[in-house]
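Undergrad: Sequence order for the protein chains is A and B.
Numbering (the numbering used here) for the first sequence: 2 to 115.
Numbering (the numbering used here) for the second sequence: 134 to 247.
The hints are simulated quantities; they were obtained by calculation from the structure and are not laboratory data.
Quantities reported herein were computed from a predicted structural model and do not represent experimental measurements.
Cβ atoms here follow ideal geometry from the backbone N, Cα and C, with glycine treated the same way.
Be a bit skeptical, because a hint or two may be false.
[Unchecked claim] Far from chain B, some chain A residues (derived; all Cβ distances over 12 Å):
(1) 7
(2) 21
(3) 46
(4) 52
(5) 53
(6) 72
(7) 85
(8) 94
(9) 98
(10) 100
(11) 102
(12) 111
(13) 114
[Claimed, not checked] With a straight-line Cα cutoff of 27 Å, these simulated DSSO-like cross-link-like pairs (lysine-lysine) come out:
(14) 70(A) <-> 134(B)
(15) 59(A) <-> 114(A)
(16) 70(A) <-> 59(A)
(17) 59(A) <-> 190(B)
(18) 50(A) <-> 146(B)
(19) 50(A) <-> 70(A)
(20) 146(B) <-> 190(B)
[What the hints assert, rightly or not] For each label pair, taking beta carbons as the anchor points, the in silico distance ranges come out as:
(21) 219(B) <-> 114(A): 25 to 35 Å
(22) 85(A) <-> 141(B): 40 to 50 Å
(23) 134(B) <-> 63(A): 39 to 49 Å
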Amino acid sequence: AQSVTQLDSQVPVFEEAPVELRCNYSSSVSVYLFWYVQYPNQGLQLLLKYLSGSTLVKGINGFEAEFNKSQTSFHLRKPSVHISDTAEYFCAVSVSGNTGKLIFGQGTTLQVKP
Amino acid sequence: KAGVTQTPRYLIKTRGQQVTLSCSPISGHRSVSWYQQTPGQGLQFLFEYFSETQRNKGNFPGRFSGRQFSNSRSEMNVSTLELGDSALYLCASSLASGGAQEQFFGPGTRLTVL
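Just chain B, with the same shape it has in the complex:
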C-alpha cells in the first residue's frame, strides 16, 4: 500500500507570493492533518480535515488555509508569504478522525521563502 505522498518536495518562493501544497493520503484514509516544522517553533498543528470538513485549526493567521476533496486528497495554501513561513510542511493521514488514531506522515514539502 502506498504511503502518504506530498508534492512538491521542495519549493522556493519570494515574499508576497502565494503557494499551494498537495497531500495524497493512504488509500482508504479519510482524515488529513497538516503540521509546520521549524527549528525555532518545532512541530505545530495547522489544521485537520475529515470528510471534506475542517475539524480543527491551529493558531496560525488566516493566510494559512486548506481544503479537502471528495477523494480525501488535501491542499494547503499560504498567501502573502513571509520569510518566517520557511519550514517543512508535513501532512499526515489516518483512517478516521480522533485522538487515538494512528497518523501516518508524508515526507514533507520543504518551503523556502526568499
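So that you can see chain A by itself, here it is in the shape it has in the complex:
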C-alpha cells in the first residue's frame, strides 16, 4: 500500500522569503507524484507532477519540486513567496496502471506574512 506524509502541518513565512514544503511517500512499487494547491472555498489545482525523467520538476506560479528516489521524498520549493501563495498544499501519489486513484498527504498550510 502507498502512503504520503507531509511533515509540516503549517509553515509560516514572510513575503519574498524562500519556502520548502516537505513530502515523503512510502510505496513498494513505482509511483507518480503530484503537488496540488487549494485556495479557500475552491477545489484543487495542479501545481506540478513527476512522471519520469528529470528529477527536478518545474510547475506553475514559480514552484518547483525535486524527486529523490533514495529518500522517497518530493519536496516543493519556491525561491520567493507572495501573499497570494497563502493556501493549503497537498502532496499526492498514484501508481501506474489503469486507475487514477490519488493518495493524498494531510496537507500543509502555507501562511505568507507581509
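Given chain A, put chain B in place with the hints provided.
TA: For chain B alone, coordinates are given in the frame of chain A:
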C-alpha cells in the same frame, strides 16, 4: 473550455436522509473520480469511473455509491446519512483512466448533515 462543475455547491441534510451529488466533467474527459475531504481524515478517495464502469473503490461503507452516464457525467449517492458524512465532496475528471493522468478538480459540494 469549461472546467469541472459540481452541483449543488452547498447542501444541508438531516441524519437518515439520502443525498445525490452531481459532477459534469470537462468536455472530452471520460474518467471521473470522487474524493471526500474532512478536517480529520483529509482527502480520501471514494471511487473512480471510466466509460460507465467503476474502476476502483475506496474504503467507504456501502452507503456510498456512484455511477457514470454515457455522456461521462457522474453522480454519487449517500444513503442513510450520518453526522460524520459532513464533508466537502470533490469530483475530478481526466481524459482517461490511469495513474499518470492529470486530474482536474471541481469546486466541490459542501454537505452538512444535522
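Undergrad: Indicate, hint by hint, whether the structure satisfies it.
TA: Hint by hint, here is what the structure shows:
1. Once the 12 Å rule is applied to beta carbons, residue 7(A) is inconsistent with being away from chain B; the minimum gap is 10 Å.
2. Residue-level check passed: residue 21(A) sits 21 Å from the nearest beta carbon of chain B, beyond 12 Å.
3. At roughly 7 Å, the least C-beta separation between residue 46(A) and chain B is not larger than 12 Å, which violates its mark as non-interface.
4. The claim that residue 52(A) is not at the interface with chain B is violated, since a C-beta of that chain comes within 12 Å of its own (minimum 5 Å).
5. Annotated as non-interface, residue 53(A) brings its C-beta within 12 Å of a C-beta of chain B; the closest such distance is 9 Å.
6. The beta carbon of residue 72(A) sits about 21 Å from the closest Cβ of chain B, which is more than 12 Å, so the claim that it is off the interface holds.
7. With a least CB separation of 19 Å from chain B, residue 85(A) remains clear of the 12 Å interface cut-off, as annotated.
8. With a cut of 12 Å on Cβ distances, residue 94(A) falls inside the contact zone with chain B, its closest approach being about 9 Å.
9. At the 12 Å boundary, the C-beta of residue 98(A) falls inside the reach of chain B, the nearest C-beta of that chain being 6 Å off.
10. Non-interface status of residue 100(A) relative to chain B is broken: a Cβ of that chain comes within 12 Å, the nearest being about 4 Å off.
11. Residue 102(A), annotated as away from the interface, has a beta carbon of chain B within 12 Å; the closest lies near 5 Å.
12. Residue placement check: residue 111(A) keeps its beta carbon more than 12 Å from all beta carbons of chain B (closest about 16 Å).
13. With a minimum CB-CB distance of about 23 Å to chain B, residue 114(A) clears the 12 Å threshold, and the non-interface call stands.
14. About 36 Å separates the Cα atoms of residue 70(A) and residue 134(B), which puts this hinted pair outside 27 Å; it is violated.
15. This hinted pair checks out: residue 59(A) and residue 114(A) have alpha carbons roughly 24 Å apart, not beyond 27 Å.
16. Annotation: proposed proximity of residue 70(A) to residue 59(A) holds, straight-line Cα distance about 17 Å (limit 27 Å).
17. For the suggested pair residue 59(A) and residue 190(B), the alpha carbons sit about 32 Å apart, so the restraint of at most 27 Å is broken.
18. The straight-line distance between the Cα atoms of residue 50(A) and residue 146(B) is roughly 37 Å, outside the 27 Å bound, and the hint therefore fails.
19. For the hint linking residue 50(A) to residue 70(A), the alpha-carbon distance of about 15 Å falls within 27 Å, and the restraint holds.
20. The straight-line distance between the Cα atoms of residue 146(B) and residue 190(B) is roughly 25 Å, inside the 27 Å bound, and the hint therefore holds.
21. The supplied range of 25 to 35 Å is met by residue 219(B) and residue 114(A), whose beta-carbon atoms lie about 31 Å from each other.
22. Distance hint check: the CB atoms of residue 85(A) and residue 141(B) are about 29 Å apart, inconsistent with the given range 40 to 50 Å.
23. Between residue 134(B) and residue 63(A), the C-beta spacing of about 25 Å breaks the proposed range 39 to 49 Å.
Checked against the numbered hints given earlier, this structure breaks hints 1, 3, 4, 5, 8, 9, 10, 11, 14, 17, 18, 22 and 23; the rest are met.
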